[in-house]
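A.B. asks: Please put together the full structure from these sequences, using the hints given.
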Amino acid sequence: MCGIAGIARFDGQPVDPAMLSTMTGLLAHRGPDAEGFWAQGPVGFGHRRLSIIDLGGSAQPMASAGGRHHICFNGEIFNYRQLREQMSYPFQTGGDTEVALAVFAEKGIDGLSRLVGQFAFAVHDADSGGLTLVRDRVGVLPLYYYLDGSQLVFASEIKAILPALPKPPAVDHASVADYLAGRSVPAPATLFEGVRKLLPGHALSVARDGRSTIRRYWSPPLATEELPVDPRQAVDLVDAALRRAVERATVADTPVGAYLSGGVDSSLVTALMSQRTDEPVHTFSVGFGPGQHDERPMARLVSDQFATRHHEIVVKPSDFADLWSTLTWHRDAPVSEPADIAVHRLAQLAREHVRVVLSGEGADELFGGYPKYRLATLTSRIGIVPAGLRGPLFDGVQRSLPAGANRLRIALRALGERDERARRDGWFAPFTERERNRLLGIARGEPGRLLPATRNDPLRGMLEADLLGWLPDNLLERGDRMTMAASVEMRPPLLDHELVELAFRLPSSVKVRDGRGKWVLKEVARRYLPTLIVDRPKVGFRVPLADWFRGDLSDLAADMLTSNGSFVGGLLGTAPVRQLLATHQQGRRNEEIRIWTLLCLEVWHEVFFRRPDRIGSDRTGSAAPGGGA
Numbered sequence: 014m015c016g017i018a019g020i021a022r023f024d025g026q027p028v029d030p031a032m033l034s035t036m037t038g039l040l041a042h043r044g045p046d047a048e049g050f051w052a053q054g055p056v057g058f059g060h061r062r063l064s065i066i067d068l069g070g071s072a073q074p075m076a077s078a079g080g081r082h083h084i085c086f087n088g089e090i091f092n093y094r095q096l097r098e099q100m101s102y103p104f105q106t107g108g109d110t111e112v113a114l115a116v117f118a119e120k121g122i123d124g125l126s127r128l129v130g131q132f133a134f135a136v137h138d139a140d141s142g143g144l145t146l147v148r149d150r151v152g153v154l155p156l157y158y159y160l161d162g163s164q165l166v167f168a169s170e171i172k173a174i175l176p177a178l179p180k181p182p183a184v185d186h187a188s189v190a191d192y193l194a195g196r197s198v199p200a201p202a203t204l205f206e207g208v209r210k211l212l213p214g215h216a217l218s219v220a221r222d223g224r225s226t227i228r229r230y231w232s233p234p235l236a237t238e239e240l241p242v243d244p245r246q247a248v249d250l251v252d253a254a255l256r257r258a259v260e261r262a263t264v265a266d267t268p269v270g271a272y273l274s275g276g277v278d279s280s281l282v283t284a285l286m287s288q289r290t291d292e293p294v295h296t297f298s299v300g301f302g303p304g305q306h307d308e309r310p311m312a313r314l315v316s317d318q319f320a321t322r323h324h325e326i327v328v329k330p331s332d333f334a335d336l337w338s339t340l341t342w343h344r345d346a347p348v349s350e351p352a353d354i355a356v357h358r359l360a361q362l363a364r365e366h367v368r369v370v371l372s373g374e375g376a377d378e379l380f381g382g383y384p385k386y387r388l389a390t391l392t393s394r395i396g397i398v399p400a401g402l403r404g405p406l407f408d409g410v411q412r413s414l415p416a417g418a419n420r421l422r423i424a425l426r427a428l429g430e431r432d433e434r435a436r437r438d439g440w441f442a443p444f445t446e447r448e449r450n451r452l453l454g455i456a457r458g459e460p461g462r463l464l465p466a467t468r469n470d471p472l473r474g475m476l477e478a479d480l481l482g483w484l485p486d487n488l489l490e491r492g493d494r495m496t497m498a499a500s501v502e503m504r505p506p507l508l509d510h511e512l513v514e515l516a517f518r519l520p521s522s523v524k525v526r527d528g529r530g531k532w533v534l535k536e537v538a539r540r541y542l543p544t545l546i547v548d549r550p551k552v553g554f555r556v557p558l559a560d561w562f563r564g565d566l567s568d569l570a571a572d573m574l575t576s577n578g579s580f581v582g583g584l585l586g587t588a589p590v591r592q593l594l595a596t597h598q599q600g601r602r603n604e605e606i607r608i609w610t611l612l613c614l615e616v617w618h619e620v621f622f623r624r625p626d627r628i629g630s631d632r633t634g635s636a637a638p639g640g641g642a
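When we follow our numbering, the leftmost residue of the sequence shown carries the number 14, and every step to the right adds one.
Hints were generated in silico from the structure; no laboratory data involved.
All C-beta atoms, glycine included, are put in the ideal place defined by N, C-alpha and C.
Hints should not be assumed to be uniformly reliable.
Across the chosen pairs, the derived CB separations fall in these ranges [stated by the list, open to error]: (1) Ile227 with Gly578: 34 to 44 Å; (2) Gly583 with Gly223: 34 to 44 Å; (3) Pro103 with Leu178: 19 to 29 Å; (4) Asn450 with Gln598: 23 to 33 Å.
C.D. replies: This is how it looks when you write it as structure tokens:
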């Protein structure tokens, strides 16, 4: 993958080449292999390259045959060889970027349906003077922009946009409420006022005078497109689609490895990769020391079965303190998931052996893997209980629960929300809507995508909401930033758009079946993996924060959130923050996610607002402003 950036001015003045250099310098970690620029009057592109395909060629930005179109491309087109054979275009390179350019030059946005892969790119048309930004179907790769009456500025990461703005942006406080609601901000908003995130499956077209239109070019299949299949047929279809997806995701001119946690998803990807090569696959696992949080023994079991070249790393509490600011700078947002730091350490390990890693992201959101999906019908129908009774009733039950009943407490908090959207969001929400309103006194921001009514199939509605929101705005953003911070490309084959489309054409009954989540994918896994791996309870990428916030990280949390000048303390008041910390410290409740959420917001504000003059002072991106947290 790569880093892209650019400017289009609407006043006719030429783009400053020095500004393009500043912008791409902030993306050096995304592309350590090469740098390139192109400018034509009021439009200019900058590019940083991580060479994966056509290693010695395909320099960017790239011009089309005849020079009418220029592209600045990030990503991979997995079917580029097949597309080349179908086109009469006079190709000059052996790479996928020129194929994407040729397809767009021929068909424009309508041609995007031909591309299989993960991508974010910009194309300028010299004849019309227009510029188009495109983001892949499910949002594997990011793309941000700032658009006002004088210019369009875009980049792979927000930090590269900031130097080109007329003034530093303020905190978008409505998006702060969104962040407290779900640990990320739903597109198109960001925490930076005026900076937007292009929605997955969308294209933004901007004319030379600044007029703009946004078009959605892809969406998941409708409920009316469901396939009439029985469970066994569903298993066969998913098996075949997953094998094709893994085959495509391994297209590269450099070695490809895999993250291996020992869970079903990453183990299945590893198994299918191993079938496709005579060389051992490099696999990478992370642990947190001995105990219930260490999945390395299960990963070793899978590694042994498929004879992979296995590599491990252990993450310690000190890694969190040391890397917090650095990775916040890379993410341009709070490091919203505790696993983010572990993913980055894993990517650093992978970089010693490969440039590309496959991951298991997307399986839960496609096939119903989270516990909340088993309660989708209840989540949908609980609204028949009057809100005035529901909230106080569930609040009372929560208070009576023992400290260790965290999952049940989360379920009750979600079910007590006022409407179906809030209840759906509540499963991942650090703070309920009532808590946010009381603490902040501000409303949530814009809702992003409005989803259709799902009363007849609440599981489908919940899956679609997570596919369009939770995945791109949180997990995929995490995967992109934490791996690219180590100059490694992440590919999630389970989010191959053809597999996604198949998943949404399958009946919900093969996803959650007999009270078991992810049924159809686990049945596929039985064909390749030991029963011990397939049937083990879902663990997830679990970081032992609860223990750390009562031990190694307790003083750090208190100092950051309750000291004079704390952003969070000023936002929420120090009294409720102190009470939250005390509740966790005394073992009355596990408040690890709320504490983490607030700490990461504090670090983000420190990095981008207290010391904004230091943003980008390290052009390699290897260290963030301010050093450690």
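A.B. asks: Taking the hints in turn, state whether each one holds.
C.D. replies: A quick look at each hint next to the structure:
{"no.": "1", "hint": "Ile227 with Gly578: 34 to 44 Å", "result": "39 Å, holds"}
{"no.": "2", "hint": "Gly583 with Gly223: 34 to 44 Å", "result": "37 Å, holds"}
{"no.": "3", "hint": "Pro103 with Leu178: 19 to 29 Å", "result": "40 Å, violated"}
{"no.": "4", "hint": "Asn450 with Gln598: 23 to 33 Å", "result": "26 Å, holds"}
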